[in-house]
Amino acid sequence: MLRRTGLLLAGAVFVMWAVATLTFFAIRLIPGDPAQAILGGPGSQASQEALDQVRRDYGLDQPLIVQYLAMLGRLLTGDLGTSYALKVPVAELLGAQLGGTLLLAVLSLAVAWVLALALSLWSTGRSRIATVLGEWIELAAAALPHFWFAAVLIAVFSTALGWFPPVATGTPAGLVLPVVTLAVPLAGFLAQVMRESLLDAMQQPFVVSARARGEGALGIRLRHTIRHAALPGISLSGWALGWLLSGAVVVETIFAMPGLGRTLLQAVTLRDIPIVTGVVLLIALVYVVMTILTDAASRLADPRLRRQAAAR
Amino acid sequence: MSELELRQTTVAASAQHLLLTRRPRLPRVGTLLAFAFVLFLVVATFAPALVATQDPNLIAPTEAFRAPSAAHWFGTDESGRDVYSRVVAGTGTSLLIGVSATLIGLVLGLALGLLASFGGRIFDFGVNRVIEVLFAFPGLLLALLVIVIAGPGPVTATIAVGLSTAPGYARIIRGQFVSIRSAPYVEAARVLGRSPARIVTRHVIPNALVPLFVLATLGIGQAIVWAAALSYLGLGAQPPAAEWGAMLAAGRTYLATAWWMTVFPGLMIVGTTIATTVLGRALARRGKDA
Amino acid sequence: MAAETPAPLLDVAELRVAFGDQEVVHGVSLRIMPGECIAIVGESGSGKSVTARAVLGMAGSTAGMSSRHLRVRGRELGSASEREWQRVRGRDAGLILQDALVSLDPLRPVGREIEDPLRIHERMPPAERRARVLELLDRVGMPDPALAARQRSGELSGGLRQRALIAAAIALDPPLLIADEPTTALDVSVQARILALLDEIRSRGTGLLLISHDLAVVGGLADRILVMRDGEILEEGTRDEVLGSPTTAYTRQLIAAVPSGTPRGVPLVVADRERMPTPDATAAAPHAPDTPGSGPLLRLDGVVKTYRTPDGASFRAVDGVSLELHRGETLGLVGESGSGKTTVARLALALESPDAGEVVLDGVPWSRMPERRRRPLRHRIGAVYQDALSSFDPRWSVGRILSDALPVGSAAGVAGLLDQVGLPASVAARRPLTLSGGQRQRVSIARALAASPEILICDEPVSALDVTIQAQILDLVDRIQRERGLACLFISHDLGVVRHMSDRVAVMRAGRIVEFGDAERVFASPGHPYTAQLVADSPRLVP
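Protein chains in written order, with this note's numbering: chain Y, 8 to 319; chain G, 475 to 764; chain C, 58 to 600.
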């Protein structure tokens, strides 16, 4: 058990290092002079002395390998550099944004889970109509592009009905539409996976045994098959969070919410490299942590995984 | 023989047993509809003039912001252009991006998967780590990174989406290879004295590639969505291109007054995704039953 | 005052079950009294499991069931609603399925599974339930009830989890118990103990309906036997009547197909046996090698194979095994699960190399040879596997499979092979998925013969087959082995099969050979206590 945790942590550290390295060298591929960008962009007419000064200040005149090691060193102390455009430390900037994005992502994941579970439990193993309906709903939901879905939701619930604000207001009401936008397509996908698992579980001999003890349909669902249905959902949660973080980029932009996604988009447009690097690293970190948690949760929920590893 | 009183009883309908003897499937109707839709898309790609009602680029300022009607099925946009015809015209671009991105992802994924499976343990280890790392850049992020480097535009968007789907394919392909190489029929071939090369070419690769076609069909829908997302954010195809994502971006500003500019291109994306998924599943089912 | 005749626990008349317009049970009648064991014996497709389920109202949601009457404990349930059935299940009748690994929810502790009927029917408070669970686990012979109750089915051994499954079925002491293949997934020694447990439960007055494909298992427990085929009861009577003086040809076939009672060389298929007026005397005698003085064709010399578990421990699957396989003889290798016999097969086939010791083929080092040099020689050893279907490329037709195996693939060659294994040439165009289990195994044998091997290694070739089909395949393997003078290594967990097929036998346990010698001698008077235990535990047709 300890050995496995150790391996996972080592793997996580490796991934973070690889991401940092990849980003570093990828960034170097961006055309244009970073010194110019710092001074306000290509049209800034900066003088040669100013450029040289900036290069010295930011360590841009050092050989590549030195810059690389310096960056790694700074990372270890949590220093993500300073934004070119906004001139504030990146770590501070992102720290403020991280909470908002995480809240959005986690809420959406929770809502998606509940929706997916409810849909698959309701529509499986009963009448044929319920099943077909359930399958089509899942399919349609999973096919909704969130940028379009957001627009539709705004048009209907904001503009037409006025129930929810079209932009984030910092109140819970302002979170409803963004969360729904992200949760529904994910729920569609999760429901499909859960349904497969549910159907498989329902045909297993242990369901026959349970019925032979007098268990009714509801009891079978709640005590037996729901657990089996949820298993793939747990192991997919890591990937799901990644998908949600991607989606957050779009959703935060549409709803004008403060968050990593919107920040990233603006930084990409402005070629603000420290911020891009910082966001990428942060998201990678969140994802890696989530993967470890998901792995632990899966093994907790399904004792067979624990045994499988030991017996092989 | 005495007369038997037979009391016909079907196990009560109210019981709604959980044990189904057959898995229910989407009705055949769905598959036919999906096929018809895809056919329409193909025609729209190669011969848009056949299905478009008007010139997609015809600017008519007096006709701007017309609601859907018999003359303009999907209404008109801010320049008076017929939205339906523009949607039809954009089909080619959108599909091309989606298919190309999927191809890029598949080829890269195949390369990585093959390398991992047949390159020996070091390559397997290495490629697995690379895939893990690439996975840490969820979806859009990798694409954004590519765009930061290479600049926006439809070509970069395509490459970006392709790159971000590659790790997913690579993982699946590698998994396929791994499970097939330890399959009993591969061992049986070894017992018969077949060389590794022969086993790989006649058994491993053909069986591993079987599900790929289905995967690709399912992937096209996703690729189109991601590419459209990039265009929507202004990083892919730019307006006035008739690409669906770009049209959605253009329609964003007029959402309150001209909802049809947003709804219909979006519906096309949704429809394409559903259609490809349904077709992909139908293919998978046929493959299993064959 | 005359004693009242007790009411039957189960009284079914003219039970019919149909799926759609396909009837699978055509009018079955049976009656079970307290303390009685009724057995339904049949092969796959006979409808015996459907009957067992139908008697509890669980034939399936798409099934149409009808009967003249269906009474459980005197209560008519022929047109009962699902609600009414739920009250009966678990309280008046319990069900025991095969393979507790999947018949108990792998995600729940077994204690919870056993608590279920207590909770549903009696509404016992939790503390009382838990106490009763411990009582029940103790009653079924669980060594550490408190620990077991917390464990899940996968954490318990095969025998222990089957006991847990039984505990769940008898939780409310139902007077009727239905056991559908309760011991099929178990090792012989474990099976014997589980059957003893069921017998003990029966002796306390519980009525037992036992469903099995194994006549020998049934013979030990049943008072009455019903032979079922294609949805009908072909024959019924007391155990002695059915087993001792069967009236139908099918029953005779079933009895003859049990290998343990039949000496070597006598075909198991009745029709073939009847063609031979006297047992082949030469066949019964142990085989001497064809050419005197020649060494063994295949020799394993002190081979050791160790596997590594992920947490670093090592596990010796084969711990110093030495075997000799001579031309023209069948060497049986028998052992329970985990004994290492499959690993021995893999070592003999050079699919794995031993960590110590070596394998020698006809005097030439086999395990030490580099694979490049070994490949052209592999045609000398053929293999037949337990799961024929998974040993075929899923995309290939039978014709392609055989043609690929032949040195020169030709339609005539394929037809010739098919003929040798008793299949028509038209099978070549079909895919293995569309063939029956017996047909697939014949194709597997044909493939093994394609390169004209001198050695044949059969790893549990008939374990997954019905008894009558098993008889046909065993006869086929035997005939081929004789006609071609093959050296055959026959591996199985079934003592009866090994006894019937082998000239000499090696008994394996925990990676070692504990006994070796002439087959008849080893089984008739075993030298090693483990062998004696195996023989004693194996169910026999006539106890």
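Treat the hints with care, since some could be wrong.
Looking from chain Y toward chain C, a few residues come up when the C-beta cut is under 8 angstroms (computed) [what the hints assert, rightly or not]:
no.: 1; residue: Ser134
no.: 2; residue: Asp207
no.: 3; residue: Pro212
no.: 4; residue: Phe213
no.: 5; residue: Ser216
no.: 6; residue: Ala217
no.: 7; residue: Arg218
no.: 8; residue: Ala219
no.: 9; residue: Arg220
no.: 10; residue: Gly223
no.: 11; residue: Arg234
no.: 12; residue: His235
no.: 13; residue: Pro239
no.: 14; residue: Gly240
Looking from chain C toward chain G, a few residues come up when the C-beta cut is under 7 angstroms (computed) [as the list claims (entries may be wrong)]:
no.: 15; residue: Gly301
no.: 16; residue: Ala402
no.: 17; residue: Leu406
no.: 18; residue: Arg430
no.: 19; residue: Arg432
no.: 20; residue: Ser448
These are calculated hints, taken from the structure and not from any lab test.
Ideal Cβ placement from N, Cα and C applies to all residues, glycine included.
Flag every earlier hint the structure violates by its number, smallest first.
Result: hints 1, 2, 13, 14, 15, 16 and 18 break, sorted rising.
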